[in-house]
Amino acid sequence: MTDTLLQTKNLQAWYGESHILHGIEFSVPKGQIVTLLGRNGAGKTTTLRSIMGLVKNRTGSVVHEGTETIKLASNQIAKRGIAYCPEERGIFSSLNVKENLQLPPVIADGGMSEERVYELFPILKTRGNSQGTKLSGGEQQMLAIARILRTGAQLLLLDEPTEGLAPVIVQQIGEIIKRLKDEGFTILLVEQNFRFAERMGDVHYVIEHGEVVDRFERAEIANNREKITGYLGV
Amino acid sequence: MTDTTKTDFNRAGEAKAGTASTSGAAAVLTDIRLWSAIGIVVLLILPHYVYPVMIAKVLCFALFAAAFNLLLGFAGLLSFGHAAFFGMSAYVTGYCLQSLGFTAELGILAGTAAGALLGLAMGLLAIRRQGIYFAMITLALAQMVYFVALQAPFTGGEDGLQGVPRRDLFGIIDMSSNMNVYYLVLGVFCIGLFIVYRTVHSPFGQVLKSIRENEPRAISLGYDADRYKLMAFVLSAALSGLAGSTKVMVFQLASLTDIQWQMSGEVVLMAVLGGIGTMVGPLVGATIIITLQNELAQIGSVSTIVQGAVFVFCVLAFRRGIVGEIKHRWTTWRGRS
Chain A
1 MTDTLLQTKN LQAWYGESHI LHGIEFSVPK GQIVTLLGRN GAGKTTTLRS IMGLVKNRTG
61 SVVHEGTETI KLASNQIAKR GIAYCPEERG IFSSLNVKEN LQLPPVIADG GMSEERVYEL
121 FPILKTRGNS QGTKLSGGEQ QMLAIARILR TGAQLLLLDE PTEGLAPVIV QQIGEIIKRL
181 KDEGFTILLV EQNFRFAERM GDVHYVIEHG EVVDRFERAE IANNREKITG YLGV
Chain B
1 MTDTTKTDFN RAGEAKAGTA STSGAAAVLT DIRLWSAIGI VVLLILPHYV YPVMIAKVLC
61 FALFAAAFNL LLGFAGLLSF GHAAFFGMSA YVTGYCLQSL GFTAELGILA GTAAGALLGL
121 AMGLLAIRRQ GIYFAMITLA LAQMVYFVAL QAPFTGGEDG LQGVPRRDLF GIIDMSSNMN
181 VYYLVLGVFC IGLFIVYRTV HSPFGQVLKS IRENEPRAIS LGYDADRYKL MAFVLSAALS
241 GLAGSTKVMV FQLASLTDIQ WQMSGEVVLM AVLGGIGTMV GPLVGATIII TLQNELAQIG
301 SVSTIVQGAV FVFCVLAFRR GIVGEIKHRW TTWRGRS
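Quick mapping for you: the protein sequence lines, in order, are chains A and B.
Counting from 1, one number per residue, gives the positions in the first sequence under the numbering used here.
Counting from 1, one number per residue, gives the positions in the second sequence under the numbering used here.
No lab work stands behind these hints, which were simulated from the structure alone.
Mixed in with the good hints, there may be bad ones.
As the list claims (entries may be wrong) - Label-pair distances were calculated between CB atoms; the ranges are: (1) Trp35(B) - Gln131(A): 21 to 31 angstroms; (2) Gly230(A) - Arg319(B): 22 to 32 angstroms; (3) Thr133(A) - Val310(B): 30 to 40 angstroms; (4) Asn10(A) - Ala140(B): 36 to 46 angstroms; (5) Ser130(A) - Val41(B): 50 to 60 angstroms; (6) Gly39(B) - Ser130(A): 26 to 36 angstroms; (7) Arg319(B) - Ser130(A): 21 to 31 angstroms; (8) Gly16(A) - Leu125(B): 40 to 50 angstroms; (9) Tyr197(B) - Lys125(A): 43 to 53 angstroms.
Even glycine gets a Cβ: it sits at the ideal position worked out from N, Cα and C.
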């Protein structure tokens, strides 16, 4: 029996008048990679943003290590050890690579040192003085992941880390995610790229119209491939 | 501030020290030191050739613009109420010197503290909103402070505080001569600008920049953005107060002109003209505006039209402000060569 690190129950969210999430329920076991799959507009990113407290209008329950976080402010959620890497990467353009890496606050022991980050992402070492916006898409993605590793957070929320990247970079990102799992990180991964997601995930949840409609363990993927591709429209 | 944040500051500070040891960064640092030294030497010599009160006025307003620029250029907060800090500090310093017999340095410190406290009170209310709402709240609060200045018994009403004595500095240095007052203002200006420089280049400054660029992202990294913005607001208010207090030493006068909304507009003008987000920009902007006001004083109200035309021209020709544009072109040119 694995410990549950994060659990959502009846998570609902709104953007203005639009009701986006209609009661999302799933759990993330400690040390595993859980993926949220679904078509565009299904509510995957909103789920991550709601967990992170970035969607103000939300109800339901998000329990992290036994503590309810639905009422907490975003920065307090981050301080609990949850780190969010957004789809648009959120690199600060007026800061260079080194400064972007120095920026995150230490929220728990175990935050990676710069040396350790450069070991995981050697390309960043050579780009230390480059402005954040002068990096390629792959480099920006690596910097965005590296930045959250500096905080010491143990639960990483990664929103489409492979979007718009060349296959060789996607492969590198995949290797890094696997390595992070091996080091004990728990990862909640939102992906549209099913081929990538199936290689990474231990558990997969399919979201449609703001609801979880199905769940598959890694071992169940092979027998349900047709069903999953039907959900995703691929 | 929590211990964890302290740890982060220390970590960033250590890393910064490491960065400074690289040859490129060291070269930049040398440049800054060189240019600062040249600037200070020029300012030390200048009052022997130019009327010292005029340059002292420029330095007071340059410090005011630098304080405003700290908030707008580095924290991304546009305040339309900075005259409240400048003016209220001027009144407090004037009152302390005139009625309480404070020495010069204590009067200035009292004025600065008043600016900081007022900044804390206004900041706690205004910081909850962003963009135009933030600007409007600061304007409204500043108008309330203006009303207090108009009605309160210690401000002298429409006459203001006139003939404020220039008390001795530390009780021993005579401040009755314009030259001595100028050097006091120069010292205060250098200290103020140094504080702005250190703030901007500290880990705290980096966090401010990150909040300016992408506040939700900074928050989701774990920063309490409101607390950082409030700290920047109070620091900016305190420095504006410092500028207002030294201005009283120069002109021996605290009046409604210092606290009315036009003063808030003027400091925006100076900062934008010089270059938002630059260190030297406010000094350049203040020099241009003050010189224009002085040179065009004899033509009366037409001077504001000329001032407006200069502003429109500069904004069209130098979108980043004068210093900002020069800096941008220099960087582009260096990138090509």
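Do the hints match the structure? See the list:
no.	hint	result
1	Trp35(B) - Gln131(A): 21 to 31 angstroms	23 angstroms, holds
2	Gly230(A) - Arg319(B): 22 to 32 angstroms	53 angstroms, violated
3	Thr133(A) - Val310(B): 30 to 40 angstroms	33 angstroms, holds
4	Asn10(A) - Ala140(B): 36 to 46 angstroms	42 angstroms, holds
5	Ser130(A) - Val41(B): 50 to 60 angstroms	36 angstroms, violated
6	Gly39(B) - Ser130(A): 26 to 36 angstroms	30 angstroms, holds
7	Arg319(B) - Ser130(A): 21 to 31 angstroms	25 angstroms, holds
8	Gly16(A) - Leu125(B): 40 to 50 angstroms	26 angstroms, violated
9	Tyr197(B) - Lys125(A): 43 to 53 angstroms	29 angstroms, violated
Hint compliance for this structure: hints 2, 5, 8 and 9 are not met, and every other hint is.
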